[in-house]
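Participant: The chain contents come next:
Number of protein chains: 4
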Amino acid sequence: MEEMKKELADVIRAYHQKGWSPATSTNYSFRLDENPQVIIVSKSGIDKSVFSAADFMEVDLLGKALPAYEGIRASAETLIHCKLYQLFPEMRCIVHSHSIYSVLQSMTNQNEVELSGYEVLKGFEGIKTHDTTAQVPIFDNTQDMPAFAEVLEREKNRLTVPAFIMRQHGTYAWGRNLFEAKRHLETAEYLFEVDWKYKGY
Amino acid sequence: MEEMKKELADVIRAYHQKGWSPATSTNYSFRLDENPQVIIVSKSGIDKSVFSAADFMEVDLLGKALPAYEGIRASAETLIHCKLYQLFPEMRCIVHSHSIYSVLQSMTNQNEVELSGYEVLKGFEGIKTHDTTAQVPIFDNTQDMPAFAEVLEREKNRLTVPAFIMRQHGTYAWGRNLFEAKRHLETAEYLFEVDWKYKGY
Amino acid sequence: MEEMKKELADVIRAYHQKGWSPATSTNYSFRLDENPQVIIVSKSGIDKSVFSAADFMEVDLLGKALPAYEGIRASAETLIHCKLYQLFPEMRCIVHSHSIYSVLQSMTNQNEVELSGYEVLKGFEGIKTHDTTAQVPIFDNTQDMPAFAEVLEREKNRLTVPAFIMRQHGTYAWGRNLFEAKRHLETAEYLFEVDWKYKGY
Amino acid sequence: MEEMKKELADVIRAYHQKGWSPATSTNYSFRLDENPQVIIVSKSGIDKSVFSAADFMEVDLLGKALPAYEGIRASAETLIHCKLYQLFPEMRCIVHSHSIYSVLQSMTNQNEVELSGYEVLKGFEGIKTHDTTAQVPIFDNTQDMPAFAEVLEREKNRLTVPAFIMRQHGTYAWGRNLFEAKRHLETAEYLFEVDWKYKGY
Numbered sequence: 001m002e003e004m005k006k007e008l009a010d011v012i013r014a015y016h017q018k019g020w021s022p023a024t025s026t027n028y029s030f031r032l033d034e035n036p037q038v039i040i041v042s043k044s045g046i047d048k049s050v051f052s053a054a055d056f057m058e059v060d061l062l063g064k065a066l067p068a069y070e071g072i073r074a075s076a077e078t079l080i081h082c083k084l085y086q087l088f089p090e091m092r093c094i095v096h097s098h099s100i101y102s103v104l105q106s107m108t109n110q111n112e113v114e115l116s117g118y119e120v121l122k123g124f125e126g127i128k129t130h131d132t133t134a135q136v137p138i139f140d141n142t143q144d145m146p147a148f149a150e151v152l153e154r155e156k157n158r159l160t161v162p163a164f165i166m167r168q169h170g171t172y173a174w175g176r177n178l179f180e181a182k183r184h185l186e187t188a189e190y191l192f193e194v195d196w197k198y199k200g201y
Numbered sequence: 202m203e204e205m206k207k208e209l210a211d212v213i214r215a216y217h218q219k220g221w222s223p224a225t226s227t228n229y230s231f232r233l234d235e236n237p238q239v240i241i242v243s244k245s246g247i248d249k250s251v252f253s254a255a256d257f258m259e260v261d262l263l264g265k266a267l268p269a270y271e272g273i274r275a276s277a278e279t280l281i282h283c284k285l286y287q288l289f290p291e292m293r294c295i296v297h298s299h300s301i302y303s304v305l306q307s308m309t310n311q312n313e314v315e316l317s318g319y320e321v322l323k324g325f326e327g328i329k330t331h332d333t334t335a336q337v338p339i340f341d342n343t344q345d346m347p348a349f350a351e352v353l354e355r356e357k358n359r360l361t362v363p364a365f366i367m368r369q370h371g372t373y374a375w376g377r378n379l380f381e382a383k384r385h386l387e388t389a390e391y392l393f394e395v396d397w398k399y400k401g402y
Numbered sequence: 403m404e405e406m407k408k409e410l411a412d413v414i415r416a417y418h419q420k421g422w423s424p425a426t427s428t429n430y431s432f433r434l435d436e437n438p439q440v441i442i443v444s445k446s447g448i449d450k451s452v453f454s455a456a457d458f459m460e461v462d463l464l465g466k467a468l469p470a471y472e473g474i475r476a477s478a479e480t481l482i483h484c485k486l487y488q489l490f491p492e493m494r495c496i497v498h499s500h501s502i503y504s505v506l507q508s509m510t511n512q513n514e515v516e517l518s519g520y521e522v523l524k525g526f527e528g529i530k531t532h533d534t535t536a537q538v539p540i541f542d543n544t545q546d547m548p549a550f551a552e553v554l555e556r557e558k559n560r561l562t563v564p565a566f567i568m569r570q571h572g573t574y575a576w577g578r579n580l581f582e583a584k585r586h587l588e589t590a591e592y593l594f595e596v597d598w599k600y601k602g603y
Numbered sequence: 604m605e606e607m608k609k610e611l612a613d614v615i616r617a618y619h620q621k622g623w624s625p626a627t628s629t630n631y632s633f634r635l636d637e638n639p640q641v642i643i644v645s646k647s648g649i650d651k652s653v654f655s656a657a658d659f660m661e662v663d664l665l666g667k668a669l670p671a672y673e674g675i676r677a678s679a680e681t682l683i684h685c686k687l688y689q690l691f692p693e694m695r696c697i698v699h700s701h702s703i704y705s706v707l708q709s710m711t712n713q714n715e716v717e718l719s720g721y722e723v724l725k726g727f728e729g730i731k732t733h734d735t736t737a738q739v740p741i742f743d744n745t746q747d748m749p750a751f752a753e754v755l756e757r758e759k760n761r762l763t764v765p766a767f768i769m770r771q772h773g774t775y776a777w778g779r780n781l782f783e784a785k786r787h788l789e790t791a792e793y794l795f796e797v798d799w800k801y802k803g804y
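Protein chains in written order, with our numbering: chain P, 1 to 201; chain X, 202 to 402; chain R, 403 to 603; chain S, 604 to 804.
It is possible that part of the hints are untrue.
Said to hold, decoys possible - Here are the simulated EDC-like pairs of lysine to aspartate or glutamate, each with C-alpha atoms no more than 16 angstroms apart in a straight line:
hint, chain 1, residue 1, chain 2, residue 2
1, X, LYS398, S, GLU796
2, P, LYS128, R, ASP457
3, P, LYS197, P, GLU153
4, P, LYS197, X, GLU203
5, X, LYS219, S, ASP734
6, X, LYS323, P, ASP144
FYI, nobody ran anything at the bench for these hints, they're computed from the structure.
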């Protein structure tokens, strides 16, 4: 577990360098195959430029802090992680960004970002050719996390790629391990940027 | 105090890397709870790519160098720091940027940058939801710092978030500690960029 | 060979930092003068942020893994490398990017990117003055690599500079050594960006 | 001299990181007060991502290699350095960039880039207020360096700030030491970028 914390913390700092998490924003989590009932999630309010392995805490599948972490605040958005792990039981890692191009896409598209013909679409698990169209769904932002978790459950069929956008907020992506979650987020963010620049041409 | 100098110097170099302080531009300060009568401020004319803990000096609340630092030039803008600490006595740290998007926003907006609906607005202390509008005020630039300090005092009621823009110059932000000042500046700069790109779409 | 693997791995990670290879995308190769029958090529599916000298494998000129690497998957695009080494026998290194500006250029130009009057054109081997026009050809993307290799052979006369674009995919560039291949790719990417921004003005 | 070589080499690599010198492009020089008859200039054809103190050579005021460096090629543009040191005898350091915004400005302006009202204008030696207008002259690019040196001499009166642009090529800036030359180049590049983005709004 310590190795995995260190690896994810390295990724978190690298993403901060890209501008994906100004100051304390965004949150991340993983689960281990040995004990998928426990979610290891980033603590709330940590500056992502200095995030370290010590800045994780453990919660149960409902987002409640385990006894060893009682009194420490998990991000309010922990409930999003809980719901995603419930909807996709094989998933082991969830990553998040507040990237500028994700936000911009959500301000000029209503329901989804439609992406066609890009080679990098193959970065999404299951896509084998550029000659396809993927839809990354956009959900309205809210501060009511239980309500948002319900939206995710109700509209699960829109999650046809392993990523979605919260409007004017950012991107969530997930995978069966950190490697895959990372690939999915980087794929989404790359496509949001190139597609935004193309449409603004 | 040495620890705090080192931490702020690290932030200054990281902000230079982002392009927020070409060459010797920008200035920064902090105060310690033990002795808030003393402002520890960046010396004038230091290249921010190599700014170190040794590049701070101490001034009093009127901006006058303490005896140990007599003859060393503080930035002319030290008076802005003095006035902000006077207006907001609980503040302990002030940071500054010459970011391109701050300058651009000030060239296309007259009195303020109005920011609505962004999740990252919650980076400003006191804002608890994206479903709000914040105004970051813009003041005309001047080389007459006493006059500018008076403007800040007279228009204090416009400082509804912990940041403002000097036109074609850059952003000032502050907080009760470095952590908070940093969060406020990064929040403002992120929002200026995304909002600029959205409006130019 | 170990030295060369290390050098190219360093370049691969630096290019990842530039955003040219989100997650596991892109591929790279080199050959040694001592044994140009062997192509040392990046293994498939490696995250480019952590690519190391251990992440290369060896294939023959038809792209078949050498016995020591049997069972390890080379990138499907290895066939592009094989064809380029066949068409340009003096070449020793091939580099690739999925840069955003390469993709954008290929979405707004049909057959080629035409670049005129830039000093940096001299980065392409054989060009001695800015006062010239170069055409970087664009080929349609495909997942059928044998077919694409045939296209390259048939249209070799369009390869008047040591680089081409695959549409909505990225740039390939090559040289007589890593130093030259690197120069050609960086030259192409720089020109694609400046030219894109100029045309969008 | 070794210390100064190391410092300038550090700056060269940092500027490469900013994208100001793709591959082997750009060139740099300095002179020492002890012996201003000797120009220490970057060797031709060195990849700027790995430029080190060993990659300088020495030439006389006409650009001829000193005996210890005979047979090593200085950049053709060394003659520009020679002419600038002749025109401004107090200058000790010249830096250069191929930045994208310098090139873009030169493609949309004929004779000069006019910059008004920016605080960062104060980065140019002698400018004390933002409330001014500076003109950075643009000269047509050429491969005929003796001819270009004559143009510089003939039009010296246009060099009212310590920087100029060669069209579709890049920026030269200079100063009485590395610190000042660096400040002048970073000032120019920052202003070119913000001004370009403002005009394209």
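Participant: A separate judgement is required for each hint: does it hold in the structure or not?
Facilitator: Hint check:
1. X:LYS398 with S:GLU796: holds, 15 angstroms
2. P:LYS128 with R:ASP457: violated, 23 angstroms
3. P:LYS197 with P:GLU153: violated, 32 angstroms
4. P:LYS197 with X:GLU203: With Cα atoms ~45 angstroms apart, LYS197 of chain P and GLU203 of chain X exceed 16 angstroms; violated.
5. X:LYS219 with S:ASP734: violated, 26 angstroms
6. X:LYS323 with P:ASP144: holds, 14 angstroms
The structure is inconsistent with the numbered hints 2, 3, 4 and 5, although it conforms to all the rest.
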